[in-house]
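K.L.:
Generate coordinates for the entire structure from the input sequences, incorporating the hints supplied.
As a plain string of letters, each chain reads:
Number of protein chains: 2
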Amino acid sequence: MYKLDRRVFLQQSIMAGAALSLPNQINALASSKINKVRIGMIGVGFRSHEHMGNFLQRNDVEITAIADPQQRSIDDALKVFKKYNRAKPAIYKNGDYDYQNLLKRDDVDAVVICTPWEGHIPQGIDALNAGKIVGMEVCGAMKLQDCWDIVNTSEKTKLPVMMMENVCYRRDIMAVLNMVRQGMFGELIHTQGGYQHDLRGVLFNDGVTAYNSGVEFGPKAYSEAQWRTNHYINRNAELYPTHGVGPVAMMMDINRGNRMTKLSSVSTKARGLHKYIVEHPKGGAAHPNAKVKFKEGDVVNTQIQCANGETILLTHDTSLPRPYNIGFRVQGTEGLWQDFSTGGLHQGFIYMEKKMNKSHKWDNTEKWLSEYDHPLWKKFGQKANSAGHGGMDFFVDHAFIECIKRGTEFPMDVYDLASWYAITPLSEKSIMQGGQVQKIPDFSRGKWQSKKPIFAMGDDY
Amino acid sequence: MYKLDRRVFLQQSIMAGAALSLPNQINALASSKINKVRIGMIGVGFRSHEHMGNFLQRNDVEITAIADPQQRSIDDALKVFKKYNRAKPAIYKNGDYDYQNLLKRDDVDAVVICTPWEGHIPQGIDALNAGKIVGMEVCGAMKLQDCWDIVNTSEKTKLPVMMMENVCYRRDIMAVLNMVRQGMFGELIHTQGGYQHDLRGVLFNDGVTAYNSGVEFGPKAYSEAQWRTNHYINRNAELYPTHGVGPVAMMMDINRGNRMTKLSSVSTKARGLHKYIVEHPKGGAAHPNAKVKFKEGDVVNTQIQCANGETILLTHDTSLPRPYNIGFRVQGTEGLWQDFSTGGLHQGFIYMEKKMNKSHKWDNTEKWLSEYDHPLWKKFGQKANSAGHGGMDFFVDHAFIECIKRGTEFPMDVYDLASWYAITPLSEKSIMQGGQVQKIPDFSRGKWQSKKPIFAMGDDY
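Chains A and B, in that order, give the protein sequences. Numbering-wise (my numbering), the first sequence opens with residue 1 and increments by one. Numbering-wise (my numbering), the second sequence opens with residue 1001 and increments by one.
Hints were generated in silico from the structure; no laboratory data involved. We put the CB at the ideal spot given by N, CA and C, even for glycine. Hints are supplied without guarantee of correctness; some may be wrong.
[Claimed, not checked] Residues from chain A that face chain B, not an exhaustive set, calculated with beta carbons under 10 Å:
no., residue
1, Asp198
2, Thr268
3, Thr311
4, Ser359
5, Lys361
6, Gly381
7, Gln382
8, Ser386
9, His389
10, Gly390
11, Gln433
12, Gln436
P.N.:
See the structure below:
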């Protein structure tokens, strides 16, 4: 009965932390601990490697099984196991639905889902229904109902879902969060974020090398270009909202005392991807893909209104030439921060009215963000820097494992996932209606009003 | 009959340039020239001084009359005349409507209107009906019908109106315009601008000194705080759209082959002005003005959609502490520019994909904007730099006078004025409706489709 007990423990203790309306006797279980977390990976393409690397370096994690329908992905994933000298996992590679057999295993406590976007919600729901805790990679929902479905399944199964938004852990962002929590920005008024990243070399390749190698997509391509590009053909939306909204949502206590209530999106014309195909040495005006019509506008801006009177502006800008810059802005009654590059502590402007004696001049961020380095970065910075994406992945994986072990609530939960993922289908509808305002559902059914912030409150995780 | 002939000439020749559907025999008159322009100034507060200084330095301009109900403004204005050793003008200071007597003078060819915002449209219409050409300072309309009224009156009287938007002539902006016209940004996709300027020290003073001197507004205050602050109490809107939209409108051929079709605005809560009053040494929580409720949100963002598929984002951000930065962004299929400060050539980031070998790294703007300095700045830069607002005012005044003398079309006309001014009441309505999309009227009644760009095409004006 060990396995069953263990599963029941995981369900009850984490959901007790999540403050779902469970009876008190279940809350009492939250003090229990487990020592080892057994993970199943669903989807082991490039994105999963950083998670796997982080997990396999820990002696409190085992990856017992992996699922992916592509042999190349399986082969690459096994190299990661070899690199860290860990036992080979069970493999599920027989088609798109073999992950459902992985879910039947008793030696999987939790799954981490790193699949093409379409798979996230159905796979997450299947995992919950199979009694597994879920860690979910970022994207936007295919349709609004998906967001309700994963919330409802999590509530029904009493199993938690972690939204694995790594940018919330970027060092500059966590320093700003630290400053916000110390009141240095005063009352927050407006924030900005988004995804401003030239993905043209990701959306097309030659089928062999993942990046900048050609103009193919779909079955003739490799990695993300196999599936991501189709979204640019079939949809016009804020396709990738979570990197932008996650970090500012944490600063603004979204879903914990505050809530996103409405959004409206506008889109430009689509020019960048067609031009890329036509101008690429392996493309040209006569290449068949030069006939493809892309629906996704090159720049999509989304205005979000919040219950406490703030606004959030998200920009999706991935089809044009540009330096990487998510474009964060955090503005309050006493301070203003804007980032302009890739997240280095010196790559931003800051203005702190009182501490800068009303100079009305920008200061470089380096001094400020170093001084207010978040306790988590102070403690784990060196370790994190050797992990993926400038350290962000270390923290998101660390939080996932620590919460499961301790039986505590995930710092980004299923309500965060639902409300962030919902931006995509709502923005799609808004654009279809010429920019009309859409209501953002309250997936927490009122619980946002009493929940308190829990993200990165100390230096544990 | 000289005076009448002169007026008829001015009407006919300039409107012929404006390509209103006038009979051909009137177009023939456009080749006539006049040598001296006689100006009446309506409103001679601080803002007018820079225009007057520019006009009085020219021997092709006389300011024959000025109107302002405030003695202090008249006294200050006369000092400008003295400074340039020019004849004292006729003075109209008997109340708010004495400008109507100025309009009766035969020695006024054109008026320049620099009054509180409420006055602009009625005074402009009165001036047109009195047979005067109009130069109009910037602001937003009080109501949408105002925009139609000034268009209709200009068409009826066959007299032109120049929208005197000085930021269109900022050196960095004109260099970017020059680059846009040379195709260096590729096809334009998205632009941003706005008015991000901490005006708290302008909106309140002590009634004696204009800036940063107290917490009074309305009758107890001096200069702009007398009237501008009331707009923040009574309205929630993109109050000041033209500095942001004008420059990008010129790059995007708005009203000349392109058109703004729709907008939607969202607003944050209002915190900055109340906090300013409470924290000011001359204010405090017990000061009567600490009870005033401000309606204008601290940050108002407006999304504009264009007929040719581009978007424009405008930000009004004037009640919070911040360094001055209008926040221009110009983004095309081959390049991207962002400004981050007060308009210095080095105060921006630029990315030109082809010329920068796909580096994916920002370059500082200085080298680029110097190399592509606009012909007007090359020719008049030294002269301009001694005028107001970093040279911008020199160019706007120069264009106003040169067009009248040459009988050519104004580079920013009544249709630009109407469509830019209209942003204010439309944004107000959008915010009242929670962000709903508003249609922007086609004030040109279709003529935008065939009109060609004329702004700053050479080095004349």
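K.L.:
Look at each hint and say if it fits the structure.
P.N.:
Verification of the supplied hints:
1. Asp198: Since the shortest Cβ distance to chain B is 7 Å, the answer is holds.
2. Thr268: holds, 5 Å
3. Thr311: holds, 5 Å
4. Ser359: holds, 8 Å
5. Lys361: Holds. Min distance 6 Å.
6. Gly381: Hint on Gly381 of chain A: violated, closest Cβ of chain B at ~25 Å, above 10 Å.
7. Gln382: Not OK, violated: Gln382 of chain A not within 10 Å of chain B, min 27 Å.
8. Ser386: violated, 24 Å
9. His389: With Cβ-Cβ at 17 Å, over 10 Å, it is violated.
10. Gly390: violated, 16 Å
11. Gln433: It holds, given that the least Cβ distance between Gln433 of chain A and chain B is near 8 Å, below 10 Å.
12. Gln436: Holds - the Cβ of Gln436 of chain A comes within 10 Å of chain B, reaching about 6 Å at its closest.
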